[in-house]
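Asker: The residues making up each chain are set out below.
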Amino acid sequence: MKIYRRSFLALGVGAAVGTALSPLPWKMVDDSSIWSQNWPWTPVPKDGAISYEDSVCTLCSGNCGIKARKIEDRVIKVEGKEDHIVNDGGVCLLGLSGPQLLYSPTRVKSPLKKIKGKLRKISWEDAITELSEKLSGIRDEKSDKVAVISGNSKSLSTLLLKRFLKAYGSPNYFTRATMNDTYKQVIKKMHGVDATPAFNIDKADYILSFGSGIIDGWGSPVNSIKANSKGVDNSRKLVQIESRMSNTAIVADKWVPIKPGTDITLAYGIAAEVIKMKEPKGSASLKPFLNKYGLSKVAEVTGIDAAQITEMAKDFATNKSIAICGKGAGNTAGSFDEFVAVHTLNILANNINKKGGVQVIKDSGFFNWSNMKMDSVAKAANKKQAITGNKFPDTESFLNKLPNESVEVLLIANDNPLYTMADSDAVKKAFEKIPYKVSFSSFMDETTEIADLVLPVNVNLEQTDVVSITESVQKPGIGYVAPVSDLQFNTKDLGEILIETAKTIDGMADAFPWDDYESCISAILGDKLESLQEEGVIVNEDYRAKNLSFKFIAPKNEVLAPKGDKGVYPLVLVPYDSIRIPNGYIGAPPFAVKTVSDKVIKGKDGFVEINPVTAKQLGLSDKSSVKVKTSEGSCKVKVNLSEQIMPGVVAMAKGLGHTAYDKYLAGKGVNVNNLLGTVEDPVTGSNCAWAIRCKIEKV
Amino acid sequence: MSTIDEKYQKVVVSPVDEIIGSEKGSSAIILVFFIAGLVASLVVGWVIFPKVLYSQKKQPFDFSHEVHSEQVEECTGCHFFRDDGTFAGVPKLAQCAECHEEVQGDTPNEKVFVEEYVAKEKEVPWLIYSKQPDCVFFSHAAHVKKAEMECKECHGDIGTSKSLKVYEENRLTGISRDVWGKSIGGFKSNTWDSMKMDVCAKCHEKHARQKEKETKHEQKNNYKGACFQCHK
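Sequences listed follow chains U and S, in order. If you count the first sequence from 1, you need to add 69 to reach the numbering used here. If you count the second sequence from 1, you need to add 2 to reach the numbering used here.
Any given hint could turn out to be false.
[Stated by the list, open to error] These stretches of chain S come out as covered by chain U in the derived footprint (C-beta under 8 angstroms, 3 or more residues): (1) 78-84; (2) 129-139; (3) 144-150; (4) 173-182.
To be clear, the hints were calculated from the coordinates, so they are not data collected in a lab. All C-beta atoms, glycine included, are put in the ideal place defined by N, C-alpha and C.
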């Protein structure tokens with residue numbers, strides 16, 4: 070038998086026919102299709118019983134009511150809680166990203182201690198012993214050499230941290246000031262009361278916003294967005310005064326571009342016109358002061374047409390009006406003088422504690438703190454003054470004081486100062502001089518990376534806490550933060566860590582008499598706890614604010630000039646807040662980064678927003694690479710030509726340029742804080758800088 | 003002396019015969035090869051392929067639906083609908099433990115279950131024969147409650163089975179063989195012989211056509227978009 074080439078062809082044809090008549094190809098097509106639609110490496114959440122658990126979000130000070138959708142034990146989604154007094158079903162991008170933060174690979178998974186320059190895993194027992202020994206070792210001699218920097222949180226656990234430091238024996242407790250802290254001081258100085266400010270913007274007919282980003286994260290972000298929507302439905306008029314057209318300006322009835330730093334002059338200019346039309350009782354003393362704010366002078370200083378100022382004043386005087394301040398999201402302190410000027414307008418509008426006006430709310434005292442027993446060390450130390458006096462601390466002078474005042478141990482909670490504070494390089498240098506730093510962060514952020522001891526706290530979905538919601542609901546109120554997820558890693562609540570540590574330090578145990586954090590909450594809330602846990606919130610609906618007297622305060626500054634020499638740095642750089650890019654203690658989660666426009670970040674490139682007129686003068690075109698230089702630093706970015714910014718002013722988004730976190734955030738864009746300097750407010754001591762002079766060069 | 007024609011015959015005609023003869027032989031060989039290829043590939047496709055495609059896995063321990071059916075009246079006694087209407091599927095350990103806190107009877111499987119799972123509070127890692135790929139959305143409530151279908155229509159006589167069969171897992175997709183059906187050729191004589199899309203489509207299309215007949219002209223064709231009912 071002779072085998073030909075055709076024999077093999079026949080074999081192949083036979084095999085092909087046989088294969089076609091077998092299920093093999095058809096089954097493989099089907100299976101390939103199933104396989105490619107369900108890649109085995111794509112994680113699929115497990116199936117199971119669906120449940121919802123309620124809590125309060127603590128990712129920002131808005132404290133929205135949230136409900137976590139769970140499959141069995143696993144949280145898979147966060148939604149806004151319907152009918153909640155703060156957010157009525159709404160939720161922001163950051164709150165929505167809660168599960169990404171909960172399961173984030175950048176979470177600190179257990180306590181860490183720096184050993185030979187590297188952070189290494191240790192047990193909780195060792196971590197608390199370490200902290201306890203460190204603090205005990207210097208307590209008798211120099212307890213005031215321990216300082217705390219805490220993010221601005223209104224939670225019970227933060228109050229425990231304050232108590233911890235007081236009982237330990239140090240006056241050096243510092244929080245990062247926000248617009249509310251500055252406004253509180255304004256209320257104290259103008260009305261003589263310690264109270265919380267809140268703004269009833271949804272009931273106002275006319276809103277003069279001095280750069281407050283009502284839909285850009287200002288106040289309680291979701292509450293403010295909802296209030297804006299209600300206002301739109303009620304045909305309210307919003308006038309947005311700012312040099313860069315924010316999203317709020319886009320939805321406003323009018324955008325009034327203003328020369329940077331001249332808000333105080335404008336506010337008093339409007340007040341001078343208002344008082345001609347409307348003179349509330351007790352405002353006579355203001356008249357002589359306002360005389361110097363002639364219309365033509367104000368127009369010249371602010372760059373706003375005189376007729377427009379008159380129109381704003383007329384609308385303000387004849388409507389149920391409110392003036393608001395706090396730039397962007399209001400996360401920075403702002404200028405005391407500017408806030409006084411804006412509050413003066415509110416006094417002229419006679420809106421204090423009125424519907425649609427500024428609410429000045431005294432705390433109802435939901436927390437029943439037992440008298441704190443302090444030993445002799447604590448008593449003596451607390452008579453001393455803090456290294457910043459009575460001022461808020463995020464300025465250059467504070468940074469200089471930290472190492473110079475020989476702060477030996479620095480505890481950092483709810484904050485990432487190495488990223489969030491202005492002039493990040495200076496912050497890093499100051500921190501490096503502090504011998505021992507303890508971070509309570511949930512994430513391996515910039516500050517945690519340089520810490521000597523890391524005691525990771527639970528993230529918002531794992532926390533148990535109680536928070537004040539007074540600012541959000543404009544009535545005294547608290548919300549219950551319930552853990553909706555099991556602990557994902559070896560972490561603890563901040564309160565838990567503090568109570569455990571206090572018990573191990575001689576002389577502190579009496580100030581922390583509770584067995585554990587749970588019994589602490591129970592003791593402090595008393596019989597209110599049960600209803601708080603059941604309802605999620607307690608609000609004092611019957612609260613009625615009293616009429617307040619007031620006195621006017623003349624400003625120390627009329628124009629807030631941005632830092633820098635105009636000759637060298639002809640432009641003004643304005644950092645701006647975007648609700649899509651969280652820029653505080655929590656870095657933007659991947660879900661949020663995905664939503665950012667490619668005119669703000671593209672790949673790794675950040676952008677600077679420039680008016681085409683300015684760009685033409687500098688010979689720049691859209692997307693060209695440039696170097697932005699300030700007196701504090703420089704960076705390379707690309708140009709985004711935009712009509713939404715005044716000529717002579719340029720803007721960059723906050724929240725980008727992290728060096729820590731994961732590939733979704735690290736190295737993307739530029740941290741504008743590196744370029745910003747600080748300006749100490751003469752009254753509050755906070756950083757009142759909102760911009761800085763800069764120059765732009767082609768690269 | 004031969005003529006030119008004879009020579010021609012010798013030279014030309016004789017080889018043609020040889021060629022014809024050899025072609026007969028080669029055709030047979032070709033046929034043999036063709037059949038060999040055909041048979042081999044049929045054997046590969048029908049016999050070897052399914053053995054290679056599916057791996058055989060054993061359940062953690064054996065289970066008798068028959069025994070449990072005697073104790074519980076309906077399938078939904080164990081495979082119940084939750085309060086929110088979702089289907090619980092295979093019972094969780096807590097549910098089984100309501101009766102199996104202690105070892106009942108003397109079967110080895112019962113002992114394994116109670117000692118290895120109930121006592122250790124460990125969920126049983128059952129292999130689910132009817133689990134569809136993740137790209138398929140299926141609502142038991144829509145089929146059982148609204149369409150009033152019997153469990154048997156898809157799951158066959160599992161409720162009366164004495165033991166659990168070997169779980170055959172598709173090595174490529176990770177899906178049970180029961181979804182495609184026991185017959186590798188996709189032949190089926192009962193509704194429960196397969197859980198593939200064509201089985202679903204048969205019923206869905208029938209209802210869609212019925213619905214279409216009942217609706218007004220301008221609303222027709224509204225029921226053809228049935229893809230999204232299962233593939234969200």
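Asker: Within the stretch 129-139 of chain S, is the number of residues with a Cβ closer than 8 angstroms to a Cβ of chain U three or more?
Answerer: This one holds; 3 residues, not fewer than the three required, reach chain U with a Cβ under 8 angstroms.
Asker: For the stretch 78-84 of chain S, do three or more residues have a beta carbon lying closer than 8 angstroms to a beta carbon of chain U?
Answerer: violated (count 1)
Asker: So is the stretch 173-182 of chain S in contact with chain U by the C-beta rule, three or more residues under 8 angstroms, or is the coverage claim wrong?
Answerer: holds (count 5)
Asker: Would you check chain U against the stretch 144-150 of chain S, counting CB to CB pairs closer than 8 angstroms, and say if three or more residues qualify?
Answerer: violated (count 0)
When each numbered hint is compared with the structure, violations occur for hints 1, 3.
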